[in-house]
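A.B. asks: Chain residues, written in single-letter form:
Protein chains: 2
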Amino acid sequence: MNAAVAAIKPRKPSGLALVPTMGALHEGHAALMRTARESNAAVVVSIYVNPTQFGPNEDFAKYPRPLEADCRICEREGVAVVFAPTDNEMYPGSQPRLRGRGQLAASTWVEELQVAKRLEGERRPSHFHGVCTVVAKLFNIIQPDRAYFGQKDYQQLKVIQRMVRDLCYPIEIVSVPTVREADGLAMSSRNRYLSPDERAQALVLWKALNCARDLFAKGERDPQRLQTAMAQVIATAPAARLDYAEIADGETLEQRQKVKRGDVALIAAFVGATRLIDNLIL
Amino acid sequence: MNAAVAAIKPRKPSGLALVPTMGALHEGHAALMRTARESNAAVVVSIYVNPTQFGPNEDFAKYPRPLEADCRICEREGVAVVFAPTDNEMYPGSQPRLRGRGQLAASTWVEELQVAKRLEGERRPSHFHGVCTVVAKLFNIIQPDRAYFGQKDYQQLKVIQRMVRDLCYPIEIVSVPTVREADGLAMSSRNRYLSPDERAQALVLWKALNCARDLFAKGERDPQRLQTAMAQVIATAPAARLDYAEIADGETLEQRQKVKRGDVALIAAFVGATRLIDNLIL
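Those protein sequences? They're chains A and B, same order as listed.
Whatever position you read off the first sequence (first residue = 1), add 361 for our numbering.
Whatever position you read off the second sequence (first residue = 1), add 361 for our numbering.
These are calculated hints, taken from the structure and not from any lab test.
A few of these clues could be false.
Here are some chain B residues pointing at chain A (derived, C-beta under 7 Å) [as the list claims (entries may be wrong)]: (1) THR469; (2) GLU472; (3) GLU473; (4) ASN501; (5) ASP527; (6) LEU528; (7) CYS529.
In silico EDC-like pairs for lysine to aspartate or glutamate, Cα to Cα no more than 20 Å straight-line [claimed, not checked]: (8) LYS478(A) / GLU472(B); (9) LYS568(B) / ASP558(B); (10) LYS478(B) / GLU472(A); (11) LYS373(B) / GLU438(B); (12) LYS478(B) / ASP604(B); (13) LYS621(A) / ASP610(A).
So the derived label-pair ranges between C-beta atoms look like this [as the list claims (entries may be wrong)]: (14) SER400(B) / PRO374(A): 32 to 38 Å; (15) GLY376(B) / SER375(A): 22 to 28 Å; (16) SER536(A) / ARG622(B): 50 to 56 Å; (17) ALA634(B) / GLU612(A): 43 to 49 Å; (18) THR447(B) / GLU450(A): 36 to 42 Å.
Predicted model only: the values in this text are computed from it and were never measured.
Backbone N, C-alpha and C fix where the C-beta goes; we use that ideal spot for every residue, glycine too.
This is chain A alone, in the form it adopts within the complex:
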């Protein structure tokens, strides 16, 4: 083929994509699949509610598992393979749900100790151990060229990027922007836990992030003032209880003395009994 023909013929995407999910798929997941399809010959979606990334008092048992509806979404999005393993396939010879982290029969763990340290890692102590371990397993099983993660779980994205670099995985981690409802609420499988009133009040997370962005745009560079402003917005919703509102380095997730472009504002708050997270890059 000569250069002129090569130039006008659209390049056929090559490679295998993995979109790791816990199911309960929504438009945010669909955006991951669509982005993956654009740059890959085939897309694998994994659906697995990973027990080891849930804390003992978290929502593992009630986490929604609408597998058939999920498969229809995958089919609609042109996904080649849905990989929905059993616990025994992911944790051979073990019962990860029933035991603490140290006593699992399947006893190999992957842990990232730096990016995972603060924020979600501090509030959910074994969460990222579970995430890194299950993602490493999925990488080893599927062996994708690229894997797609939503920016909604910002710290998870950065932990996985660090893990991939540290462990020399030949996999490109692609970040896909958060998909939001019409009013701005970040799409999340956990939104379906919210009552109509809680759903309305949940918008304070997005409002608080926008408040931080506006202050940053007006020149505010003191992280403490931005964090206080975000907390004040959260306090306007009676059903909401702030877990954290912080400004962090966009790569390391470390605390900031002075806020810079590319830093990220991160929020976690309970709305009723439901814990929601969101973030915005400044």
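On the provided structure of chain A, position chain B as indicated by the hints.
C.D. replies: Same frame as chain A, now just chain B:
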């Protein structure tokens, strides 16, 4: 090709083999390479003295690094590729030699918590974290179909087998029997630390293991008595100091109440300043 022809034509081996080493290659490594060549289209030997598997008072600095001689051995054994990475290739952005385990800039670790718990894992607390982490990296970089480990480092072999199963690596771990000097001493890169007198006395490890085997053959099933007998053999060498002599389950390395065929006798002892290990399956 019809069935008759297929039956008489020797099957060409396919697949890629990895032989992970720390260099200072000896006949034990050569046996790994030869075994790997028999069943694979190509063999990669990695040579990397992995800093994170050495404890602070161990022999990392003085560990022999005869890279040119090692390459000649690899060439002689028909190895396709020698992979001798730098620290920065294996631990990007980090200085693993200079810092403790928790403070590494490259902050992702792979740990196996069950098979690695006792014996070497107890005496060398971060050893297997370092081993698992570096082997996972090598697997991700080389992506072999099979990887070859010597039975001389028995617990390491079993830790890696468990790690591979737990993390769903599509890699076959092949165990190769220990190669011994004419008198029975297990080949080890650390043997070159021994003075001629220590070299002669080092044979007590093999003698102690044979003593356990003989007693087992005569019907002894009490692990304590076998362990005491091994310790008594070690005590006959004035330069030797026992670290441990134990009978363990051949897969889990757990302690035994009653010894069974397939259990393993494991010994670690200092001979002069040099720590040696050896083992024998009963």
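A.B. asks: For which of the previously enumerated hints does the structure constitute a violation, in increasing order of number?
C.D. replies: none
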